[in-house]
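Protein chains: 2
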Amino acid sequence: MSPPTTRDKIIDAAMAVVREQGVAKLTLDEAAKGAGLSKGGVLYHFKTKDDLIRGMVERLINQCDKLQLAYYDKEPEGPYRWARAMVQTTFDPNGPASDKVSGALLASVAVNSELVAPIQAKYDEWIERIRSDSPSPMLAGLIGMAMDGYSFERIMGLKLCDEEDEMKMKQYILDLLKAEPTHE
Amino acid sequence: MSPPTTRDKIIDAAMAVVREQGVAKLTLDEAAKGAGLSKGGVLYHFKTKDDLIRGMVERLINQCDKLQLAYYDKEPEGPYRWARAMVQTTFDPNGPASDKVSGALLASVAVNSELVAPIQAKYDEWIERIRSDSPSPMLAGLIGMAMDGYSFERIMGLKLCDEEDEMKMKQYILDLLKAEPTHE
DNA sequence: TGCCATATACCGTCTGGCCGGTACAGTACC
DNA sequence: GGTACTGTACCGGCCAGACGGTATATGGCA
Numbered sequence: 000m001s002p003p004t005t006r007d008k009i010i011d012a013a014m015a016v017v018r019e020q021g022v023a024k025l026t027l028d029e030a031a032k033g034a035g036l037s038k039g040g041v042l043y044h045f046k047t048k049d050d051l052i053r054g055m056v057e058r059l060i061n062q063c064d065k066l067q068l069a070y071y072d073k074e075p076e077g078p079y080r081w082a083r084a085m086v087q088t089t090f091d092p093n094g095p096a097s098d099k100v101s102g103a104l105l106a107s108v109a110v111n112s113e114l115v116a117p118i119q120a121k122y123d124e125w126i127e128r129i130r131s132d133s134p135s136p137m138l139a140g141l142i143g144m145a146m147d148g149y150s151f152e153r154i155m156g157l158k159l160c161d162e163e164d165e166m167k168m169k170q171y172i173l174d175l176l177k178a179e180p181t182h183e
Numbered sequence: 000m001s002p003p004t005t006r007d008k009i010i011d012a013a014m015a016v017v018r019e020q021g022v023a024k025l026t027l028d029e030a031a032k033g034a035g036l037s038k039g040g041v042l043y044h045f046k047t048k049d050d051l052i053r054g055m056v057e058r059l060i061n062q063c064d065k066l067q068l069a070y071y072d073k074e075p076e077g078p079y080r081w082a083r084a085m086v087q088t089t090f091d092p093n094g095p096a097s098d099k100v101s102g103a104l105l106a107s108v109a110v111n112s113e114l115v116a117p118i119q120a121k122y123d124e125w126i127e128r129i130r131s132d133s134p135s136p137m138l139a140g141l142i143g144m145a146m147d148g149y150s151f152e153r154i155m156g157l158k159l160c161d162e163e164d165e166m167k168m169k170q171y172i173l174d175l176l177k178a179e180p181t182h183e
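Residue numbers (numbering that gives the first Met the number 0), protein chains in the order written: chain F, 0 to 183; chain D, 0 to 183.
Simulated from the structure, these hints should not be mistaken for laboratory data. Heads up, a few of these hints could be off.
What the hints assert, rightly or not - DEER-style ranges, computed between Cβ atoms: (1) Asn93/D to Thr47/F: 33 to 39 angstroms; (2) Cys160/D to Pro134/F: 15 to 21 angstroms; (3) Pro3/D to Glu124/F: 39 to 45 angstroms; (4) Glu19/F to Lys46/D: 50 to 56 angstroms; (5) Glu57/F to Lys121/D: 34 to 40 angstroms; (6) Glu57/F to Leu68/D: 27 to 33 angstroms; (7) Pro75/F to Glu124/D: 36 to 42 angstroms; (8) Lys32/F to Lys177/D: 52 to 58 angstroms.
For clarity, every value in this text was computed on a predicted model and none was experimentally measured. Ideal placement from N, C-alpha and C gives every residue a C-beta, glycine not left out.
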């Protein structure tokens, strides 16, 4: 990996602002300060604030997608392979539930709901993937919903259980995907 | 039900703004316009904007709680009664996935993350409830996460399937809660 | 090798608009 | 005449975006 470009540094800083101070505090000035340059500099790389958020969303999507593909490779073959990869991705510290990337979603919804569109597109793709190799699409769908729930809870700052319980839950879900090759 | 108070009308209008224009557009002026009065009028009822959001959050909590209790009464006795009530609540058109109430959560997170606190408190209570009568707390927890996922997806404007599939999913989940009285 | 031209990357300043909040002046009903 | 409520006018701060400028690198060319 080459050293992060200025563009990347700005996105990092913007994510950090959302995480630490909330979406409302995400200003060009603040992002600039975090990235170590001036607002003018930020506006050189991103023409508008919406553009910056687009960049954040793109980062979110790429990061999650890359992660999911990596986990897919690591998972053994067999039914529910994509679903298993999704579970691993969700609980990964760099996954969608991570503070580091999730700000993008929040920012996009808060500022301009049109900016969610690329997420929706990728989202459809993910769902399609998971359905493709799941003997019970319903079970896979349920678990997919739950993974979203987990991610969103983290983003919103709602805690439903401590970390120990989370690991148990992860294992429980993975067991479900082993034990029920052809449920229904 | 007595006719809605001005206070209620303001909250309704604020919710509508969040729903239709996004959190960023939620201003005192806009909420006032929606409620049919001036900003001064709004500020008479809510001393600050945070105060208004607190009101929205309170509304969200009360509405969901009331709904859940009502469904609990309607559900037949037996295991997973609270979990079943939660599923019904989630899919209810006035439930947490409803456009009409969900804006509160978004607004609170976006504007001032401290305002989420009352939600977290209620949230803990709901989780406790569900665990209390679930033979498999893991299954109940999974379904709870999925219900959150569904609600949040709606709030964010992400669609995972059409309405027909949603109803199938609801039925699938309710069947799970019948078929597995003592899973694990 | 020296000179100009252009592109890239960035800074600092300014401005116009928006928005939260204040102050105060009604109005209407009891 | 007081209380509950609503409107109007305004202030001060913040912020997106525009703009003009600067420094450095690159490349052509004589």
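Quick rundown of the hints versus the structure:
1. Asn93/D to Thr47/F: 33 to 39 angstroms: With Cβ atoms ~37 angstroms apart, the hint holds.
2. Cys160/D to Pro134/F: 15 to 21 angstroms: Between cysteine 160/D and proline 134/F, where Cβ atoms are some 18 angstroms apart, the hint holds.
3. Pro3/D to Glu124/F: 39 to 45 angstroms: With a Cβ separation near 43 angstroms, proline 3/D and glutamate 124/F satisfy 39 to 45 angstroms, so the hint holds.
4. Glu19/F to Lys46/D: 50 to 56 angstroms: Taking Cβ atoms as reference, glutamate 19/F and lysine 46/D lie about 27 angstroms apart, which means the hint is violated.
5. Glu57/F to Lys121/D: 34 to 40 angstroms: holds, 35 angstroms
6. Glu57/F to Leu68/D: 27 to 33 angstroms: violated, 44 angstroms
7. Pro75/F to Glu124/D: 36 to 42 angstroms: holds, 40 angstroms
8. Lys32/F to Lys177/D: 52 to 58 angstroms: Cβ of lysine 32/F to Cβ of lysine 177/D: about 56 angstroms, so the range 52 to 58 angstroms holds.
Violated hints, listed in ascending order, are 4 and 6; each of the other numbered hints is respected by the structure.
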